[in-house]
Amino acid sequence: MIRVLSWAWMVCAVGCSSEPVVEAPPPPLPALVPDSLASCADSPYPEIADACRVRFSIDAGLKGREALTWESCAAIVSPLWRDECHFLAAGVLGRKGTIGKAMDHCVAAGRYAQNCAVHVAWIKRPFILKTSPDSVTAVQVVQESLAEMSAESRDPAAPEFQAHLDVVRSSLWFEIYYGAGVADPTAAQAAEGLMRVHARSAFAWEAVRLEGTELGTVELARRVVDIWEGRRAPSSGDPLSRPCWLGRNTQSFPAGIEGADSAAHTPHYGTRLVGATEEEDLVIATLEAAHFAPSTSSGAFTAWLEDPRSRVRTTATRLELLLSPTGATLPASLLKIASRWNAGQMESMRGKRRPFWSGSADRAGCD
Amino acid sequence: MAPVNEVYLTSVCSGAPGPDAATFLDGSMTKIFSGLLALMLGGAGCDRSVETDMTACGSQGTPEAREECRFQVALGLGHDREAQGMAVMEVPEGVSRDLVRLRLALHDPIAYGRLCNDVTVREIQERCRMVNIRPHLMIPHEPNTP
Chain A
0 MIRVLSWAWM VCAVGCSSEP VVEAPPPPLP ALVPDSLASC ADSPYPEIAD
50 ACRVRFSIDA GLKGREALTW ESCAAIVSPL WRDECHFLAA GVLGRKGTIG
100 KAMDHCVAAG RYAQNCAVHV AWIKRPFILK TSPDSVTAVQ VVQESLAEMS
150 AESRDPAAPE FQAHLDVVRS SLWFEIYYGA GVADPTAAQA AEGLMRVHAR
200 SAFAWEAVRL EGTELGTVEL ARRVVDIWEG RRAPSSGDPL SRPCWLGRNT
250 QSFPAGIEGA DSAAHTPHYG TRLVGATEEE DLVIATLEAA HFAPSTSSGA
300 FTAWLEDPRS RVRTTATRLE LLLSPTGATL PASLLKIASR WNAGQMESMR
350 GKRRPFWSGS ADRAGCD
Chain B
0 MAPVNEVYLT SVCSGAPGPD AATFLDGSMT KIFSGLLALM LGGAGCDRSV
50 ETDMTACGSQ GTPEAREECR FQVALGLGHD REAQGMAVME VPEGVSRDLV
100 RLRLALHDPI AYGRLCNDVT VREIQERCRM VNIRPHLMIP HEPNTP
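So the protein lines, in turn, are chains A and B.
Numbered continuously in numbering that gives the first Met the number 0, the first sequence closes out at residue 366.
Numbered continuously in numbering that gives the first Met the number 0, the second sequence closes out at residue 145.
Calculated directly from the structure, the hints in this document are not laboratory data.
Heads up, the beta-carbon is just placed ideally off N, CA and C, and yes, glycines get one too.
Misleading hints may appear alongside valid ones.
Unchecked claim - Partial list, computed: chain A residues near chain B (C-beta under 10 Å):
1. E22
2. P25
3. L28
4. I47
5. A50
6. V53
7. A66
8. A73
9. N114
10. S131
11. G255
12. R308
To be verified - Simulated restraints, written as ranges between beta carbons of each label pair:
13. A:G298 x B:I138: 25 to 33 Å
14. B:P62 x A:A342: 26 to 34 Å
15. A:A66 x B:G77: 38 to 46 Å
16. A:G343 x B:G93: 41 to 49 Å
17. A:S357 x B:G77: 30 to 38 Å
18. A:F355 x B:R128: 20 to 28 Å
19. A:P158 x B:R128: 29 to 37 Å
20. B:P139 x A:V21: 28 to 36 Å
21. A:L128 x B:G77: 47 to 55 Å
22. A:E257 x B:Q124: 49 to 57 Å
23. A:K129 x B:Q124: 39 to 47 Å
24. A:E213 x B:Q71: 27 to 35 Å
25. A:D34 x B:R128: 16 to 24 Å
26. B:G77 x A:A156: 31 to 39 Å
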């Protein structure tokens, strides 16, 4: 027994002391830029193996090996990192000038698909800046960009590709107008069909920025319509450089809301309803533009809650809901409209505190 | 990639008696000794619970198993940031500690992406950039696709 206790004491003297002993190192991490896709599977950690595949995909994209970018992204186990892989591959291929191949990756980017399409449109900015709001050439510049994307795509006729092309369409028009320092409707009025809807949106965004949200949405809408119809001179003021662009994100109209099926995409990760007439659509675009402005607060849209045009009422209700703090008392007129929506639709309309949309991560020097 | 060649230190208190001790004992003695040792180690603060105690992971047979154990312990604490931060700090070695942070950040950037801010080992910082420079990864996803 004494011998046993001696052993126990001796082992515990070692085992329970705080003296450190050498611990074998963890298995090495894969190379920062892996040599092969297969080498990523050597990591015993599934998260790091997936990250390795993302890195391999980026490297393949930089080398112009498009097929390998697809192979690497497909090998990723985590759905989130698979989406991110496609988003990153789109960025790399887009910057290499293969904008249609980039869009194909965006379509596969799942949760980041819309974000990806907006980024691809940003890549076209230098080309887009060949035109301006006062030039009828804007339509041609946008059309050329869209045609280039479709020509390079694997499946340009696919509905998913066309839907993302609509995001790009809205983003390209936004790039032409926003921050330009002039809200001249000339460029937008040269557009037709769906292109004209996005052009009107972009025109309204810049007009609202230049006129100022302190006017209130009723006066803003009146001015925007007047400028469009030539009764008022185009808004003008200081240009705003892209890194200083800042506004609210929106979200897509939930299915089942009147007009949601034909809603147009916005560059800010959402959709907006399209008015039945040009004037109605300008009002809707103005309200959406006012919501984008960070200075707009709850109550800005209540004047529109009893508008005779249903899509204007719905837009005002949605935007008011987006701005209403959780638990806030909502106007009776708003509740009357919202009462037609089911719980899921209502929930997707309620205000969620989401990060602002910005033109750059670095806003140094901006107000 | 530069090899990870730092010295890896830990306290034996975090694990079971090493194999060297066991080889001195025959079968009958092992049972007596194990019971006695467990009693003594427990009383001395060496109590361990493999599923929740980060320090216990040091006793795992292989470095892979040890790192996996640490990752799972941290993951098991869910979104309790304070408990998680303390658990990660219990990992006795810097590379292993940062490896837990990196794996958590990659596993769920929304919940754990912020842990990359605490990483100090350069090799792991480089891999954390994948999370740090992509802020959308840390934003909860809303169904908003076209």
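message = If you test the structure against every hint from before, which numbers come out violated?
response = 7, 8, 10, 11, 12, 14, 20, 24 and 26
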